[in-house]
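Residue numbers (the working numbering), protein chains in the order written: chain S, 1 to 315; chain A, 1 to 130; chain Y, 1 to 248.
Take the hints with a grain of salt, since some may be wrong.
Label pairs and their in silico Cβ distance ranges [said to hold, decoys possible]:
no. : chain 1 : residue 1 : chain 2 : residue 2 : range
1   : S       : Ile-124   : A       : Leu-4     : 32 to 40 Å
2   : S       : Ala-276   : A       : Glu-112   : 21 to 29 Å
3   : S       : Ala-265   : A       : Ala-56    : 25 to 33 Å
4   : A       : Glu-63    : S       : Ala-276   : 41 to 49 Å
5   : A       : Glu-112   : S       : Ser-261   : 51 to 59 Å
6   : Y       : Glu-9     : S       : Gly-14    : 36 to 44 Å
7   : S       : Ile-124   : A       : Asp-36    : 45 to 53 Å
8   : A       : Gly-74    : S       : Ser-261   : 33 to 41 Å
9   : S       : Gln-76    : A       : Glu-89    : 45 to 53 Å
10  : A       : Val-116   : S       : Ala-265   : 21 to 29 Å
11  : A       : Ala-37    : Y       : Trp-4     : 47 to 55 Å
12  : S       : Ala-218   : A       : Glu-63    : 21 to 29 Å
13  : S       : Ile-124   : A       : Gly-74    : 18 to 26 Å
These aren't lab readings, by the way, just hints derived from the structure by calculation. The C-beta atom is built at its ideal place from N, Cα and C for all residues, glycine as well.
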Amino acid sequence: MTATTTDTAIHTEGLTKIYGELRALDGMTLHVAGGSVYGFLGRNGAGKTTTIRLLLGLARPTAGSAHVLGREIGTQQLEILERTAFVPERKVLYDHLTPHELVHFTSGFYPRWSHEAVEKYARILDIPMKQKFGKLSHGNRTKVCILLALGQNADLLILDEPTIGLDPVITDNMLRVLLEEQASQGRTVFFSSHQLAEVEQIADWIGILDQGKLLLEARLEDIRSEYRVVVAGGNGLPAATSAQVLSVSRSGAFTRYVVSSGAEAFAAGLREHGAASVEVFPLNLRELFLEIVRKEELCTTGESGEKTEYASSRS
Amino acid sequence: MNLLLKVNPSSGLPLYLQIETQIKHRVAAGTLKPDDALPSVRKLAAELAINPNTVARAYQELERDGIIRTVQGGGTFVADGVPQLLKSERLRRLGPLAAQLAVEAHHLRVSEKEIVEMVQEEFKKLGGTA
Amino acid sequence: MYYWRIWRENRVRFFALLIVGLVTCWPVSVIVSADVVAAGYEVGQVPPAELASRFWGHGMEVLGIAAGIAVYIVGLLAGSGGIGEEVERGSAAFLLTRPRSRGYFVWSFWLTGSLQVIAFTLTAMLSSYAVLFYDIGRPGPWNFLLLAPVLTITGLLGIGLVYLFTTASRTTKNGVGGGVAFTVLYLALGFVTYVLHHKYRIGFRLPTPLALYDLNWNAALAGTMLGWLAVSVALVGVSHCIVARLEV
Numbered sequence: 001m002t003a004t005t006t007d008t009a010i011h012t013e014g015l016t017k018i019y020g021e022l023r024a025l026d027g028m029t030l031h032v033a034g035g036s037v038y039g040f041l042g043r044n045g046a047g048k049t050t051t052i053r054l055l056l057g058l059a060r061p062t063a064g065s066a067h068v069l070g071r072e073i074g075t076q077q078l079e080i081l082e083r084t085a086f087v088p089e090r091k092v093l094y095d096h097l098t099p100h101e102l103v104h105f106t107s108g109f110y111p112r113w114s115h116e117a118v119e120k121y122a123r124i125l126d127i128p129m130k131q132k133f134g135k136l137s138h139g140n141r142t143k144v145c146i147l148l149a150l151g152q153n154a155d156l157l158i159l160d161e162p163t164i165g166l167d168p169v170i171t172d173n174m175l176r177v178l179l180e181e182q183a184s185q186g187r188t189v190f191f192s193s194h195q196l197a198e199v200e201q202i203a204d205w206i207g208i209l210d211q212g213k214l215l216l217e218a219r220l221e222d223i224r225s226e227y228r229v230v231v232a233g234g235n236g237l238p239a240a241t242s243a244q245v246l247s248v249s250r251s252g253a254f255t256r257y258v259v260s261s262g263a264e265a266f267a268a269g270l271r272e273h274g275a276a277s278v279e280v281f282p283l284n285l286r287e288l289f290l291e292i293v294r295k296e297e298l299c300t301t302g303e304s305g306e307k308t309e310y311a312s313s314r315s
Numbered sequence: 001m002n003l004l005l006k007v008n009p010s011s012g013l014p015l016y017l018q019i020e021t022q023i024k025h026r027v028a029a030g031t032l033k034p035d036d037a038l039p040s041v042r043k044l045a046a047e048l049a050i051n052p053n054t055v056a057r058a059y060q061e062l063e064r065d066g067i068i069r070t071v072q073g074g075g076t077f078v079a080d081g082v083p084q085l086l087k088s089e090r091l092r093r094l095g096p097l098a099a100q101l102a103v104e105a106h107h108l109r110v111s112e113k114e115i116v117e118m119v120q121e122e123f124k125k126l127g128g129t130a
Numbered sequence: 001m002y003y004w005r006i007w008r009e010n011r012v013r014f015f016a017l018l019i020v021g022l023v024t025c026w027p028v029s030v031i032v033s034a035d036v037v038a039a040g041y042e043v044g045q046v047p048p049a050e051l052a053s054r055f056w057g058h059g060m061e062v063l064g065i066a067a068g069i070a071v072y073i074v075g076l077l078a079g080s081g082g083i084g085e086e087v088e089r090g091s092a093a094f095l096l097t098r099p100r101s102r103g104y105f106v107w108s109f110w111l112t113g114s115l116q117v118i119a120f121t122l123t124a125m126l127s128s129y130a131v132l133f134y135d136i137g138r139p140g141p142w143n144f145l146l147l148a149p150v151l152t153i154t155g156l157l158g159i160g161l162v163y164l165f166t167t168a169s170r171t172t173k174n175g176v177g178g179g180v181a182f183t184v185l186y187l188a189l190g191f192v193t194y195v196l197h198h199k200y201r202i203g204f205r206l207p208t209p210l211a212l213y214d215l216n217w218n219a220a221l222a223g224t225m226l227g228w229l230a231v232s233v234a235l236v237g238v239s240h241c242i243v244a245r246l247e248v
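The following block holds chain S by itself, in its conformation from the complex:
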């Protein structure tokens, strides 16, 4: 059963989770389109795992709502779980069972289970099916968790840090398998990760979470097409001039802008302002992430001993 790409796989509206004094999630609103690969990014403690726990019914929101595959979390949680596969952050299962037995155990919960998919991916990922789970390496354990998720024939895959601690070869295999599932079956893949290079490789969309709020949600290709770093040399150049400027920092005679669109026009505008040189650079995901999330720049002294300021406006 394939998900249609016009459906929304996940939609949260003002999702909030408060633990005593801590606002783990603070009015978070995100959209994941059906059939897409969505990379959910954020620092440690930003609220990624909390979001996932709320979507899966492992915890309840303090405020706000969320719908997964068109169903409301909480009241329709079982329907969501029937159609959603999950790989948790801590790859813990039952040490005394072998992957073969774990498949047997897990398959019983799902009438739509696909034994062919399990056989295929067990081979592709090279998983030792007859060794007890407790004796497997971290890489193999992760593979088993992913295998169990793939066997479910789910419309949505939610993965919390799927490639953490994995060597490059296993990581590459894993990403290819996830892409294959998404492409051939139209499944939606929602995953959180710190491995920005991997996210860049496979994601359609990314969402950047920081301190419980979603700071940015955009198509990766739009980021690549539109977001630019503009470095201008000269003095007396303007600070944040419009909504498209995400951040401004100065160091000596140079001013560095990060803009979310219209970089060429902006650069031309700076030249008109008397900038001696203007360079425009693309921005990869790691650079963008650091821009958006980092609140304080380390002090850099230019010729004039000027401290770097950091002003940011969210667009």
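Given chain S, work out where chains A and Y should sit, using these hints.
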């Protein structure tokens, strides 16, 4: 068939553009000839280990520009070289590139004559298809 | 599928408790055959009906004590597990994201524990009945059958108690430890109130499940059974509430 394209997801440049550019380059240079078969979206995506939606977009843009064509029932091929767009549209597309070239030449103090020479050199490398 | 996994994890213990159930008949046999011999008869010889009935009564007492303690321990062990253990192990995030209600996991686990208790009870009763019949030579009284619900309820109380402690504390050690400690304290309190009430007419007697072992069928016994059964189920009910609200 493996096209052996090379894309860099971390370069900050759109992947679909990178693919488009490389295919356009090969068609222009003649290493991809009209009616040559191209891999399907899924196959190319699997080869490059990137999202198939990205490849799909590249193919869409290439087809819109008349560089490739898809056949009913599957199969993608290099188009037979006759561009689908009006000449005026084709010229319009190159306008910004020409403007950028002129501006950069001005800033870098490169003369018009030197620019023309550089462009001629590039055409020579491609094999002179006009 | 949950059942399958619980079976895989507990099958050794299951067979062990069946063996213990069988072995319970040994002290019963030893004591009753001593009675028979002391009364001047040979084992298996048919003594007069009144004597036989006294021997049966004595046998049921011994069985009640031995099997009662044993089935309670079976219950304590069987109740140590479930969601509390999954949280301890770290696999709760996996299990609770399967498409089953939280209640399903609680009551399925309880069901497997109950089956273990029932299996133990039946084994102990069958083997003891067999040896008593062999020793005394006459069939036993009808109220021998009362041991079935009485022992089962005792076991279920053990399950309920330890399951609640395990779920509340999210550890198996504290689960069993808590269950044992609570049992000891409760019985001690029961004893103290009994003494105070009977000897000094102070306060009231704290009811304990020991009242079940009266084995004289009447309305009071039926009420006591239902009451303690309700308690054992209520304990699991509280665990259900905890698990339903649990955040993992």
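* **Cβ separation of Ala-265(S) and Ala-56(A), checked against the hinted range 25 to 33 Å** => holds, 30 Å
* Verdict for Ile-124(S), Asp-36(A) (Cβ pair) under range 45 to 53 Å -> The hinted range 45 to 53 Å is violated for Ile-124(S) and Asp-36(A), with Cβ atoms some 30 Å apart.
* Would you say the C-beta atoms of Glu-112(A) and Ser-261(S) sit inside 51 to 59 Å of each other? -> violated, 32 Å
* Pairwise beta carbon distance, Ala-218(S) to Glu-63(A), judged against the given window 21 to 29 Å -> holds, 26 Å
* Asked: Holds or violated: 41 to 49 Å for the Cβ distance of Glu-63(A) and Ala-276(S)?
  -> holds, 44 Å
* Asked: Could one say that the CB atoms of Gln-76(S) and Glu-89(A) fall in the range 45 to 53 Å?
  -> holds, 51 Å
* Is it true that Ala-37(A) and Trp-4(Y) lie within 47 to 55 Å of each other by Cβ? -> holds, 51 Å
* Cβ-Cβ distance between Gly-74(A) and Ser-261(S): within 33 to 41 Å? -> holds, 37 Å
* Do the beta carbons of Ile-124(S) and Leu-4(A) sit within 32 to 40 Å of each other? -> violated, 23 Å
* Asked: Does the hinted range 21 to 29 Å hold for Ala-276(S) and Glu-112(A) at CB?
  -> With Cβ atoms ~23 Å apart, the hint holds.
* Falls inside 21 to 29 Å, the C-beta gap from Val-116(A) to Ala-265(S)? -> holds, 27 Å
* Could you see if the CB distance from Glu-9(Y) to Gly-14(S) stays within 36 to 44 Å? => With Cβ atoms ~43 Å apart, the hint holds.
Checked against the numbered hints above, the structure breaks hints 1, 5 and 7 and satisfies the rest.
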